[in-house]
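Student: Now for the letters of each chain:
Number of protein chains: 2
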Amino acid sequence: MSLIVQKFGGSSVADAESIKRVAKRIVETRKAGNEVVVAVSAMGDTTDELLDLAHQVTPIPAPRELDMLLTAGERISMALLAMSIRSMGHDARSFTGSQAGMITDARHGQARIVDVTPVRVRDALDEGAIAIVAGFQGFNRGTGDITTLGRGGSDTTAVALAAALHADVCEIYTDVDGIFTADPRVVPRAQKIDRISSEEMLELAANGAKVLYIRAVEYARRHGVTLHVRSSFNNNEGTIVYNPTEENSESPVEEPLIAGVATDLSEAKITVVGVPDIPGKAAQIFNIVAKTGANIDMIVQNVSAAATGLTDISFTLPKSDGQTVLTALTAEQTDVGFRGLQYDDQIGKLALVGAGMRTNAGVSAKLFTALYEAGINIEMISTSEIRISVVTRADTVNDALRVVHTAFGLDADDEAVVHGGTGR
Amino acid sequence: MSLIVQKFGGSSVADAESIKRVAKRIVETRKAGNEVVVAVSAMGDTTDELLDLAHQVTPIPAPRELDMLLTAGERISMALLAMSIRSMGHDARSFTGSQAGMITDARHGQARIVDVTPVRVRDALDEGAIAIVAGFQGFNRGTGDITTLGRGGSDTTAVALAAALHADVCEIYTDVDGIFTADPRVVPRAQKIDRISSEEMLELAANGAKVLYIRAVEYARRHGVTLHVRSSFNNNEGTIVYNPTEENSESPVEEPLIAGVATDLSEAKITVVGVPDIPGKAAQIFNIVAKTGANIDMIVQNVSAAATGLTDISFTLPKSDGQTVLTALTAEQTDVGFRGLQYDDQIGKLALVGAGMRTNAGVSAKLFTALYEAGINIEMISTSEIRISVVTRADTVNDALRVVHTAFGLDADDEAVVHGGTGR
Chain A
1 MSLIVQKFGG SSVADAESIK RVAKRIVETR KAGNEVVVAV SAMGDTTDEL
51 LDLAHQVTPI PAPRELDMLL TAGERISMAL LAMSIRSMGH DARSFTGSQA
101 GMITDARHGQ ARIVDVTPVR VRDALDEGAI AIVAGFQGFN RGTGDITTLG
151 RGGSDTTAVA LAAALHADVC EIYTDVDGIF TADPRVVPRA QKIDRISSEE
201 MLELAANGAK VLYIRAVEYA RRHGVTLHVR SSFNNNEGTI VYNPTEENSE
251 SPVEEPLIAG VATDLSEAKI TVVGVPDIPG KAAQIFNIVA KTGANIDMIV
301 QNVSAAATGL TDISFTLPKS DGQTVLTALT AEQTDVGFRG LQYDDQIGKL
351 ALVGAGMRTN AGVSAKLFTA LYEAGINIEM ISTSEIRISV VTRADTVNDA
401 LRVVHTAFGL DADDEAVVHG GTGR
Chain B
1 MSLIVQKFGG SSVADAESIK RVAKRIVETR KAGNEVVVAV SAMGDTTDEL
51 LDLAHQVTPI PAPRELDMLL TAGERISMAL LAMSIRSMGH DARSFTGSQA
101 GMITDARHGQ ARIVDVTPVR VRDALDEGAI AIVAGFQGFN RGTGDITTLG
151 RGGSDTTAVA LAAALHADVC EIYTDVDGIF TADPRVVPRA QKIDRISSEE
201 MLELAANGAK VLYIRAVEYA RRHGVTLHVR SSFNNNEGTI VYNPTEENSE
251 SPVEEPLIAG VATDLSEAKI TVVGVPDIPG KAAQIFNIVA KTGANIDMIV
301 QNVSAAATGL TDISFTLPKS DGQTVLTALT AEQTDVGFRG LQYDDQIGKL
351 ALVGAGMRTN AGVSAKLFTA LYEAGINIEM ISTSEIRISV VTRADTVNDA
401 LRVVHTAFGL DADDEAVVHG GTGR
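Protein sequence lines correspond, in order, to chains A and B. Those letters in the first sequence? Residues 1 to 424, per the numbering used here, in order. Those letters in the second sequence? Residues 1 to 424, per the numbering used here, in order.
One or more of the hints may lead you astray.
[Stated by the list, open to error] Covered by chain A, according to a simulated footprint, are these stretches of chain B (three or more residues, beta-carbon under 8 Å): (1) 56-64; (2) 68-81; (3) 84-91; (4) 162-170.
Don't read these hints as lab results, they were simulated from the structure. Keep in mind the model is a prediction, meaning the values are calculated, not measured. Note that beta-carbon positions come from the ideal geometry of N, C-alpha and C, so glycine has one too.
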């Protein structure tokens, strides 16, 4: 008997009909002889509606109370899902984050999981029941208060339960067929990826692939959880996100050169102009940035112009953090001794990801050539062991995506079928 | 410093504006130097909307899951209320039934309170915060599951907290000014009652007065909690429901003859015709009725007609229980040996309540005379120490109410202002 954790997002349980459809799918999994644990998000727009209510009451809701409010959302969807399954003749029990043992720290709105003790979930399974767990929510032992996990929280709930219960697989249901070699809305000939390693998935998620949240992938990787990203609208196999290990004979002997290409239009670039080229200046600058809590992505330092003794340092960060960081740096300008700041929010980022890069030279040359031949200018370059990222003008990044996808032979014979976005 | 428990029903917190208004009222009570605990119902029609969703999913929702679903309602209202109070610069914390220590048995949908351990509520008060508690909900220790208290549950939550915290008063906010000598929609000259004993209130509530639930009044009486029923739309004094004790010097030396008159159109009458007039037959009949779970109200047995050795037994019960009881009795007709059953759901009940009746003869004579002079026929009579109830035709009960109200000198000089109904 396998233990399967299934995660359904808000768009999969948007109304009573969708809930019955999902219930049927869960029952089919149970009938096939599996133990089933489900993590479910709030119905459709419930979370946004609750947020809207909160803002009608006060512009800055107290974080503890906001968590109390928002967790009502999954309470509704999970209870409806459980009663729907029961009406189909199968035992099902819903559990809040607290009842399911999702123990977190006390950071309301963005709590981190510190322990998972799903005793009641395990008991329910042992008694033959299907366990329905509220996604997105947790419980702090110190304060006794309800917490929420932040963006992508339901994915994280599912993966954390899968890890704690030693599930055979964690199925993430979404409204697309799986992970694609590129966004099918931009690249119609993008192909569904059958298998991808968790480290490649991590790079794709970190570089703009929206289907999985990076945090959930990280958790799965750290705890050895196999993910299966698939559509809730059909029974097709989706994408398996596996964790290659020495014992894992299932991982392919030769990994494909390129897993996929991701793009991201959510970042901006800050250039610190005229930084004195003496030791410690970069550290000083990034300490200032770190204090703002901003997430820095790429960092590039140009070679110092010998004549002036000055250098430029550029980095990218989420546009939403831009103003805060500019303000913080400006306040310390005299102390650091740089000449000025440039801010550019018209950039696009393209990341080519593939574990095969490790053992295969020439990938970056091929990438740069493809972009050059398409007349696309590269403004920044950054690489990791299994990724090459480039920054271009925002309005050229979709063209860049298409030419790179073609250049690396990723195009399918047919065009993919495209649906909408995903839930939280 | 006084400790005040305030209960706000669903109509008082129907939208963001109402919630802010209620928050302001709570803050005023706090500013006046009181400790404040609030029990709050779900917003407006939330409970009905959630019930509707459940019935879209399945005609007979599993009770455990229905409780999980419905308790999302107070979670939303209490979080919004707490954040609204905090935005006004006062500390406030919301607590679920479970967090507030409302321990119940495991009867989902109609749980009984078995213990109240409001440790976190007390801690919040000690730290200067206002505690907002979800009405209607509890927690069963044995199963670890969420329960609901059934109809009038939020009133019961408020009273139970008041008892456990030794509150000075439990204020029940509603959309009328208090308890009236009769329903002001029927008797425009009905007067607001300033003070009423809990036993009189119990009789009024049991006989059709809708403002307070009998269960909450019972709880208040048993635990010595003083209630203050008042309007959430103004600052007028409402009605104090007090518990007369030997030490209670505040209770009036001479109680008024009549506290109020209640009417009830929700009952039906069953007559068991031709019952053998031998010992044990009444017991046999009411054992059959008891097994159905129906709540019997009035019982009348006619004098046996000596010639036949047969008697008739009539009783009233909620219309909703009528069919079940008829079916149960019919099944046992041969065994009991009665001749037939009559069912009448066109009855109305009028109850005259007053502790002064104990020491004052002539009340029933005055009542019967007033009804006779108005041409209203009495079909059944039942009395307790402080109440006389009569059954009439349903379409005469409002006329009966008006003439009785006048006959006992209860009419005010002016007409009362009438609002709508009340929340759960």
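Student: Which numbered conditions among the earlier hints are violated in the structure presented, ordered from lowest to highest?
Tutor: 4
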